[in-house]
Every structure is written in structure tokens, then in C-alpha cells.
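A.B. asks: Listed below, chain by chain, are the residues.
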Amino acid sequence: MIEVSDLHKSFGDLEVLRGIDLAVEAGEVVCVIGPSGSGKSTLLRCVNLLEQPTSGTVTVDGVELTDPECDLDAVRRRIGMVFQQFNLFPHLSVLANVTVAQRNVLRRPMADARRVARDNLERVGLGDKIDAYPAQLSGGQQQRVAIARALAMGPSVMLFDEPTSALDPELVGDVLGVMRGLAHDGMTMMVVTHEMTFAREVADRVIFMDGGLIVEEGPAAELIGAPSTDRARTFLSRVLDPAAAQVGEVEDT
Amino acid sequence: MVEGAAPRLTRRRRRQLVLSAEYLVFAVLIVVLVFQADWHQIHTNFGNWSIAKQLFPDIITVGLRNTLIFTVTGFAFGLAGGLVLALMRLSSAAPYRWFALAYIEVFRGLPALLIFVFVGTGVPLAFPGANLPGGVYGQAALALALVSAAYMAETVRAGIEAVPRGQTEAARSLGMSHGKAMRSIVIPQALRIVIPPLTNELVLLFKDSSLALYLGITLQQRELSKFAKDAASQQGNTTPIIMAAVCYLIITIPLSYLARRLEARQKKGQR
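Sequences listed follow chains Y and S, in order. Following the numbering used here, the numbering of the first sequence begins with 1 at its first residue and continues without gaps. Following the numbering used here, the numbering of the second sequence begins with 1 at its first residue and continues without gaps.
By construction, these hints were calculated from the structure, which means they are not laboratory data. The beta-carbon is built from N, C-alpha and C at its ideal position, and this holds for glycine as well. It cannot be assumed that every hint is accurate.
To give an idea of the interface, some chain Y residues facing chain S are shown, with a C-beta separation under 7 Å as derived from the structure [claimed, not checked]: (1) 48; (2) 50; (3) 51; (4) 54; (5) 70; (6) 76; (7) 81; (8) 85; (9) 87; (10) 91; (11) 100; (12) 101; (13) 105; (14) 107.
Derived lysine to any residue pairs resembling SDA-like cross-links, with alpha carbons at most 20 Å apart [stated by the list, open to error]: (15) S:267 - Y:73; (16) S:180 - Y:71; (17) S:180 - Y:106; (18) S:53 - S:249; (19) S:180 - Y:73; (20) S:180 - Y:49; (21) S:267 - Y:136; (22) S:180 - Y:213; (23) S:180 - Y:70; (24) S:180 - Y:96; (25) S:180 - Y:107; (26) S:180 - Y:104; (27) S:180 - Y:105; (28) S:180 - Y:135; (29) S:180 - Y:136; (30) S:180 - S:55; (31) S:180 - Y:172; (32) S:53 - Y:73; (33) S:207 - S:197; (34) S:229 - S:248; (35) S:267 - Y:72; (36) Y:129 - Y:172; (37) S:229 - S:18; (38) S:267 - Y:91; (39) S:267 - S:158; (40) S:180 - Y:72.
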């Protein structure tokens, strides 16, 4: 479903991705973990070309996005994306947030767009918030609206860029619950996250990145339970039990 | 307090003295002005009620009406032009950016009076036979639009840039083209941000509309300032000027107040 090969991305002199090869099968849930600055968000943003790769190819659902002739707007309809900061449209109601792109991109009639929006808002447990505005919702509710907004386009792939990192700890569970349900329904998902419990339970495969490279990848239970590289082991032990971390064992840049 | 040489004044006492001195100076100035002025002259020349009464209803039905028409049409075309210029300023095509920047610099750097004279005399010469719809009304709208578009372009550009990048990214990730994302997501938010500064621009335009007198207008096309100026010289009395001033302030003070309210509300709305 997603194929990335020899992907490089530099911001000026800073080389953020240094040759990534990756394939995600249809229906697969892949979690990308790693320290900040490892390039995992950049990788995800390259998959729908929000970030233009310096070199390499990205293919989604049989369409090569890195081809200069590619109709990006057409492919992006099939790639849902959820952001760390939700990025709901603050001037539109919840319902309008979920219908606006159905209307002006898919040209769906208003009645259909509304029905699809309602169905998806029900799916994320917010059927009663249709008339609210984003500012009136909690972070967890906003993020679930953002998920409904992406789902309403009928995507074949969903990308999640640290979807719970900006949430109150108490509200993380609602969002993860929705994502778990999606995975259960067979959605192809690529998730950049620090939620190791979620990754272990839901992901089919986990990718550990550091320094712009994939350091290790494998089945979730294996990689998180018994990582084979030192770097992944240190990272995981520190994330899973921050209190036990040794000062100076990793370079703090 | 410094030890030893005890100061004669405590800090509080000194502050009281300074404050009373300030009030005293102000009061003296007022008293001098009041006693020096010739109140009889002021009353007959500035607040002459019988002359004021003669101004009605024309000061409203001709003067204020034309001022409002000039302002509103000029503002509407200016806003449209400003929006286009702002988008050109942010365009990825360099010639557009250069043109917009040149336009903005030129028209912000010139006195509005020059633009009015230019529109009144230069445009008919440069484009012979091309009569602006509405005659003087078209000319006034064009002149005011040319001036205000330059200012509004910079305001609108700042508004567009103030919309977080995540908004465009979210719109693009849903498959919207750049144009659609601008139209339905970025520009509506940008316009909301710039409503207070645009209201201030409206106040400025309202005053600049007085320059329409340089366009060669007929009696029925006079706006407030020209109307008052004519009436004042006809009557040999300044009361019409005062009346016109009151008409301007009746519009501008509530508008400025509204702009401040909107601005305060926006500041509060930001999280």
C-alpha cells in the first residue's frame, strides 16, 4: 500500500532522512518510534508529500507521488492525515470541518456530505458535538473530530503524526481507543507515536528510527519487548521507565 | 528614608505636590483661553443656530450622503484590490511579487491629493473616451480604491501570514488545491484577523473622501467638506464647518470604538 525507497530529505545542510526503505501492506498497522529529531515525523510528512523529499520515491496505492506529473491533490484524497496539533479549522463548526473537503474536493451533495460526516462523528463518539466550534472542545475531542474529518474522505491509508502528544494524559485514551477501533476494522495505518503500550498492542510492526535511518524493525512485541540493537534498547528502557534512566547514557543534543 | 539628613518631603507628599502642580498648569491654561476668547464672536460665528438650521436637510441628503457613497464604494473596490495585491505579494511568481511591491510602495508614498488630481485630469487624458461608470462617483471610488488598496494589501498580507501553517497543511492533506485551501480555509480566517485594522482604514477613507472636491463636482455631488466650505463662504460664517465636523465625528467615533472593541475581543479569544 505504501512503498518508500531510498528516501532522502535535507533541510539546508541538515540531513534529516538518510535513505529510508519501507513498505506497508494493505490492512497493516505500522508504528514508527524513536527519539525526537530522528526524522520520524518528516518521514510521515514525506508519505503524502507535505514535505518534498530531496531524493527517492514514495508510492501509495500504486501511484508514485514523487513523480512530477502526479496529481497530488487526487492522491491526497486517499491519504488521511492526523496532526499533533489537530489543525481543525477554527472558523468552522464541527460539522463544517468534516464536510468542507467532501464538498469542495469530492463535490459530494450537501445531504450526502452531512450523512457521511454524522456517521464518522458517531464513529469517534462525538455525534452530539456537531454544532460545536473547535474552541469549545477539549483536545481529545478536537483530535477525534480531526480523525473523523480525515475518514470522511474515504481514505485507503491513514497517517498519524504523534496524535496524542499534545493531549492531557487523561484524554489520550479516547483517541487511542478510536485508533484501535480503526485498526480493528482493517484500516492501513502508519503511526508516529511515543505510546509504547498502544504500539505493542495494536501495531503489526514497529519501526525504530534514529539519526534519519531505520535502525531496527520487527513485530511489535519482539521489538518493544526484546530489541536487538543497543540504541533501541536504551531508548525503550528510558521511555518505558523514565525514572530508571542513567544520566549521560545517551547524547543529549 | 535616608538616615541623618531627614528629607523634608516624603515620597507620597512629593507625588501629591507634582500632581497638583500639573493640574494647576492645566487649569491656568483653560482659564486664560476662556477669558481671552471672544465669546460673542464665537457664538455668532461657530454656533449660529439660525445658520445651522438652514443647512438642513441638504447637509445630510447631499453632503453626508455623497461622503458615504464615496467612502463605501472606495472601500469595497480598495478591499478587492488589496486582497488581489496581497495574494500577488505572496505569489510564487516573482513578477507578481515585484509588481505588488512596487504598487504598494508607490501608492503609500504619494499624498492622496495627488491621486485625486491624477484621476480627475490624468486618467481622462490617458484613456480618452473611457468614461468611468458613474462619472464623478466612479472617479472618486477609483481614486480612493487606488490609495486604500495599497494600505489594505499590507494589512491583508499580514493577516494571511498570521494564519498558522498547520491550517494550510490540513487543507492540503484533505486533497484541496492551493487555491481551494486559500479560498475556504486561509482567507476567511485572515479576514477575521484583519477586521479591526480594516475598520481603522475605513475611518481614514471616510476622511480622505473630502478630497473628491478636486474632481470637479457639481452642486449635487458635493460631499460634506465641500458642502460646508461653500456654505461657510456664502454665509461668511464658520458654523457650517462645525456642523460638518459633527457629522464626521458622528460616524468616525463609533467606528473607532467598534474597531477597539473587536480588537479587544480578538485578543481575549486567543489562547
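A.B. asks: Work down the list of hints and note, for each, if the structure agrees.
C.D. replies: Do the hints match the structure? See the list:
The restraint placing residue 48 of chain Y at the interface with chain S holds, with a minimum CB-CB distance near 6 Å, inside the 7 Å limit. Using the Cβ-Cβ criterion of 7 Å, the hint placing residue 50 of chain Y at the interface with chain S is satisfied: the shortest such distance is roughly 6 Å. Of the supplied interface hints, the one on residue 51 of chain Y is violated, with its beta-carbon coming no nearer than about 10 Å to a beta-carbon of chain S, more than 7 Å. Annotation: residue 54 of chain Y was flagged as interfacial toward chain S, and the flag is violated, the nearest CB pair being 19 Å apart, outside 7 Å.
For residue 70 of chain Y, the interface hint is violated, the least distance from its beta-carbon to any beta-carbon of chain S being 13 Å, above 7 Å. A distance limit of 7 Å between C-beta atoms decides the matter here; for residue 76 of chain Y the minimum to chain S is near 4 Å, and the interface restraint holds. With 7 Å as the threshold, the beta carbon of residue 81 of chain Y comes within range of chain S, its nearest partner Cβ sitting at about 4 Å, so the hint holds. At a threshold of 7 Å, the smallest CB-CB gap from residue 85 of chain Y to chain S is about 5 Å, leaving the interface hint in force.
Satisfaction of the interface hint for residue 87 of chain Y is found here, the shortest Cβ-Cβ separation to chain S being roughly 4 Å, below the 7 Å cut-off. Proximity of residue 91 of chain Y to chain S holds as hinted, the smallest CB-CB distance being about 5 Å (cut-off 7 Å). With a cut of 7 Å, the hint placing residue 100 of chain Y at the interface with chain S holds, because the nearest CB-to-CB distance is about 6 Å. Because the closest C-beta pair between residue 101 of chain Y and chain S is about 4 Å apart, less than 7 Å, the hint holds.
A least Cβ separation of about 4 Å between residue 105 of chain Y and chain S falls short of the 7 Å threshold, and the interface hint therefore holds. For the restraint placing residue 107 of chain Y at the interface with chain S, the shortest Cβ-Cβ distance is roughly 11 Å, beyond the 7 Å limit, so the hint is violated. Taken as a hint, the residue 267 of chain S and residue 73 of chain Y pair is broken in the structure, with Cα atoms around 35 Å apart against an allowance of 20 Å. Of the supplied pair hints, the one linking residue 180 of chain S and residue 71 of chain Y holds, its CA atoms being roughly 15 Å apart against a limit of 20 Å.
A distance of roughly 12 Å separates the Cα atoms of residue 180 of chain S and residue 106 of chain Y; the hinted pair therefore holds under the 20 Å criterion. With a C-alpha separation of about 19 Å, the suggested pair residue 53 of chain S and residue 249 of chain S falls inside the 20 Å cut-off, and the hint holds. The straight-line distance between the Cα atoms of residue 180 of chain S and residue 73 of chain Y is roughly 11 Å, inside the 20 Å bound, and the hint therefore holds. Restraint check for residue 180 of chain S and residue 49 of chain Y: satisfied, since their Cα atoms lie roughly 18 Å apart, inside the 20 Å limit.
Between the alpha carbons of residue 267 of chain S and residue 136 of chain Y the distance comes to roughly 17 Å, so the proposed pair stays at or under 20 Å and holds. For the given pair, residue 180 of chain S sits about 36 Å from residue 213 of chain Y by alpha-carbon distance, which is inconsistent with the 20 Å threshold. With a CA separation close to 18 Å, the supplied pair residue 180 of chain S and residue 70 of chain Y stays within the 20 Å bound. For the hint pairing residue 180 of chain S with residue 96 of chain Y, the CA-to-CA distance comes to about 15 Å; that is within 20 Å, so the pair holds.
Taking the CA atoms of residue 180 of chain S and residue 107 of chain Y, the gap is about 12 Å. The hint holds against a cut of 20 Å. Under the criterion of a C-alpha separation no larger than 20 Å, the hint pairing residue 180 of chain S with residue 104 of chain Y is consistent with the structure, at around 8 Å. A hinted pair counts as satisfied when its Cα atoms are at most 20 Å apart, and residue 180 of chain S with residue 105 of chain Y qualifies at roughly 8 Å. Of the supplied pair hints, the one linking residue 180 of chain S and residue 135 of chain Y is violated, its CA atoms being roughly 23 Å apart against a limit of 20 Å.
For the proposed pair residue 180 of chain S and residue 136 of chain Y, the alpha carbon gap of about 26 Å is over 20 Å, so the pair is violated. Between residue 180 of chain S and residue 55 of chain S, the direct Cα distance comes to roughly 52 Å. Violation of the 20 Å bound is thereby established for this hinted pair. Restraint check for residue 180 of chain S and residue 172 of chain Y: not satisfied, since their Cα atoms lie roughly 32 Å apart, outside the 20 Å limit. Among the hinted pairs, residue 53 of chain S with residue 73 of chain Y is inconsistent with the structure: their alpha-carbon atoms are about 66 Å apart, more than 20 Å.
At roughly 16 Å between alpha-carbon atoms, residue 207 of chain S and residue 197 of chain S fall within 20 Å of each other, so this suggested pair holds. A hinted pair counts as satisfied when its Cα atoms are at most 20 Å apart, and residue 229 of chain S with residue 248 of chain S qualifies at roughly 14 Å. Taken as a hint, the residue 267 of chain S and residue 72 of chain Y pair is broken in the structure, with Cα atoms around 37 Å apart against an allowance of 20 Å. A threshold of 20 Å between alpha carbons decides the hint, and for residue 129 of chain Y with residue 172 of chain Y the separation of about 19 Å falls inside it, so the pair holds.
This hinted pair does not check out: residue 229 of chain S and residue 18 of chain S have alpha carbons roughly 45 Å apart, beyond 20 Å. In summary, the hint linking residue 267 of chain S to residue 91 of chain Y is supported, as the alpha carbons are separated by about 16 Å, within the 20 Å threshold. For the proposed pair residue 267 of chain S and residue 158 of chain S, the alpha carbon gap of about 16 Å is at most 20 Å, so the pair holds. Our distance criterion of 20 Å between C-alpha atoms is met by residue 180 of chain S and residue 72 of chain Y, whose separation comes to about 14 Å.
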